[in-house]
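If you want the building blocks of each chain, they are given just below.
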Amino acid sequence: MRYDSLLDSVGHTPLVGLPTLSPSSEVRLWAKLEDRNPTGSVKDRVALGLVEAAEKEGRLKPGDTILEPTSGNTGIGLAMVAKLKGYKLICVMPENTSEERRQILRMYGAEIISSPAAGGSNEAVRVAKGLAAEHPDWVMPYQYGNPANALAHYHGTGPELLADLPTITHFVAGLGTTGTLMGVGRYLREHKPDVRIVAAEPRYDELIYGLRNLDEGFVPELYDESVLTTRYSVGAHDALRRTRELLAAEGVFAGISTGCALHAALGIARKAFEAGQSADIAFIVADGGWKYLSTGAYEGTLDEAEDRIEGQLWA
Amino acid sequence: MSVSVSIPTILRTYTDGAKRVEAEGTTLAALITDLDTRHPGLGDRLLDAGELRRFVNVYKNDEDVRFLGGLSTPLTDGDAVTVLPAVAGG
Chain A
1 MRYDSLLDSV GHTPLVGLPT LSPSSEVRLW AKLEDRNPTG SVKDRVALGL
51 VEAAEKEGRL KPGDTILEPT SGNTGIGLAM VAKLKGYKLI CVMPENTSEE
101 RRQILRMYGA EIISSPAAGG SNEAVRVAKG LAAEHPDWVM PYQYGNPANA
151 LAHYHGTGPE LLADLPTITH FVAGLGTTGT LMGVGRYLRE HKPDVRIVAA
201 EPRYDELIYG LRNLDEGFVP ELYDESVLTT RYSVGAHDAL RRTRELLAAE
251 GVFAGISTGC ALHAALGIAR KAFEAGQSAD IAFIVADGGW KYLSTGAYEG
301 TLDEAEDRIE GQLWA
Chain B
316 MSVSVSIPTI LRTYTDGAKR VEAEGTTLAA LITDLDTRHP GLGDRLLDAG
366 ELRRFVNVYK NDEDVRFLGG LSTPLTDGDA VTVLPAVAGG
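From first to last, the protein sequence lines stand for chains A and B. Residue 146 in this note's numbering sits at position 146 of the first sequence; the count goes up by one each step and never skips. The number in this note's numbering is simply the position in the second sequence, starting from 1, with 315 added.
Note that these hints are calculated values from the structure, not bench results. It cannot be assumed that every hint is accurate.
[Claimed, not checked] Partial pick of chain B residues on the chain A-facing surface, computed with a CB cut under 10 Å:
#1 349
#2 351
#3 355
#4 360
#5 361
#6 371
#7 372
#8 381
#9 403
[To be verified] In silico SDA-like cross-links for lysine to any residue, where the CA-CA straight-line distance does not exceed 25 Å:
#10 A:192 with A:162
#11 B:334 with A:237
#12 A:271 with B:389
#13 A:88 with A:54
#14 B:334 with A:56
#15 A:129 with A:58
#16 B:334 with A:207
#17 A:56 with A:192
#18 B:334 with A:118
#19 B:334 with A:302
#20 A:61 with A:138
#21 A:271 with B:380
#22 A:85 with A:162
#23 B:334 with A:306
#24 A:192 with A:217
#25 A:271 with B:388
#26 A:271 with B:376
[Said to hold, decoys possible] Sample of chain A residues lacking proximity to chain B, with all beta carbon distances greater than 10 Å (derived):
#27 5
#28 25
#29 52
#30 106
#31 112
#32 117
#33 167
#34 204
#35 210
#36 212
#37 231
#38 234
#39 303
#40 308
Keep in mind it's a predicted model, so treat the numbers as computed, not measured. The beta carbon of each residue, even a glycine, is placed where N, CA and C say it ideally should be.
If we strip away everything but chain B, and leave its shape as in the complex, we get (with noise of 0.2 Å):
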């Protein structure tokens, strides 16, 4: 199975400048282990104290996975996951 999960601007240090890249894991907790894996280092960047850090957004297929089961998301093979910065809008 394979989940492609785009990276922000910020973060792209740890992809060699890619801006998506594929990773596994049939949760959203499993995905990042892998993703750390991957991209040493991006794991950290996401997670703090085992939660997902404040101003990290995660969305599974455009729907933010906070109300999904946070680390806990179901993944399934083809589904897209972004990471994204909290910004302010208004």
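Bound-form chain A, shown alone (with noise of 0.2 Å):
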């Protein structure tokens, strides 16, 4: 396939069939593998959407500096972009977070500010906040409130998945900023009225849910309860578990979040096939593994593995 510039490459993801996890010929579970943007992550999409839909604004000009709190991804995504179109780039990102995420981040020459790890993404977004009020001149796209964040996935991701997948019954994505669920699920449901659309949300252990108080919780502003089907949590173990089942049983070397994902994909196909009923769920391989080697996830048992990543943002 070829393209005029990186940044043209973003999306067309493949879409491939996991023939040794699906349950049977009629359950069967697709992984559209968004590690194949250009930075390895779905977030991709959702940089080069940000900042295209600030230009059309014209709230960002050449030189600008962007601003951002981000838990990894989408900062690496917004670096590149940043890059190649001319932008400065400050990440505020919890301190809990993996070291390749930094150094990827320095590489593009994008600025980290770091957050304080209790409270996990809350925090940077505090943080980011105020730093947005001090300094007007800065462009904090948000990616927590943006709609361009669900649109980038209702233009791009939903509509390469209903055509790869005509016969999808279930979309099944990790919810962070929600932005992949929103965008994805509205166009689907437009389409497929009877689609399910799931939500795996990672459960971190405690230090992450540092609050002082309950009213410091945060729902993101696009979340939108309406669009979603249901909602599980998973825990570190079944999100560790899956993400290595799924490379000893089909190759894909993934994230821990897509663990997390692939969880839920296998509890509906499970429930589907004990049911009798046929099943087509496409879920979302956010990102591949390799910046989560150093987090000693992918070594040792399950239980040594969980040890190491406590108190990380491991999505």
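Dock chain one against chain two, each of which comes alone in its own frame, and use the hints as you go.
Listed below in structure tokens is the structure:
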């Protein structure tokens, strides 16, 4: 496939069947390989969408500084887009994110401001909002509340999925900013009203939920509960176990958040199989495992891996 | 009947530091009423004007109760309920 530039190559990712993990020829699992994007994650779609929307609205001109709270992938995608389009980038990132993400960001020339580990991305959002108020000349796309995030999936990921899998019955993705689920979910529902949209939410360990009080909780402005059929909480043990199964059974080397989505997808597949129904279940492989090697998630026993990623933002 | 309820760090002041407590109720609403009897004040942290608070997520066997009937979600013996504050991902 030929493209005029790296930016033009964002999206158009393969959808691959998982014949070993699928329970039968009637209940099939399909993986959308978003790690095949230019910087290796689904967030390239979002980064390009956010920047192009800001350009169209006249909020960004060459030389401007972009500020964004991110746990990593959105930042890396933005860093690539910013480099190619001539913007500066400052990422606010929780300090408990993997070293690889920081190295990649620095390589692209982005500046990193660390936010406290306790509180996870909530803190990054809070710090970024503070900085944005202090520096009105910086442009904050704000992935958690910017419709361009969900629209990147509404115009890209959703149509690609439906074209490749017209018989789709379920769509499963990790829940973070909620952009993937909102965008793909809305698109698929418009074309297949009976499709089930299922969120798989990473359940971290206690440090990440270290709020001072419940009023400091956070629900992304993009989140619209009515788009979802249901929502599962998946802990580190199951996410790690499924990430390893995906590699062992199907050869796909994915990041840990993919194990989270696969866990939910396998639960749906088992239920459909037991009920004698047919199903085509597609889920998102958000990124590859490369950026998480230093966490120790891929070595030793599952229990050891679980201990090693304790306190980390693994999705 | 008994349901195991996992309590987040931030609410353990109501459970004498216990991470997991037992309670009874055939619906989530009844369970929260029972929880509040055993751990006074806890109910008010979960509910606001008779609804689940915006930044409180409750899961029955790992599924979000907001998709299972909310406070009317039926519970049976051996179910596991998890309470978590809503936090940002991404």
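So which of the earlier hints does this model not fit? 1, 2, 3, 14, 17, 22, 24, 34, 35, 36, 37, 38
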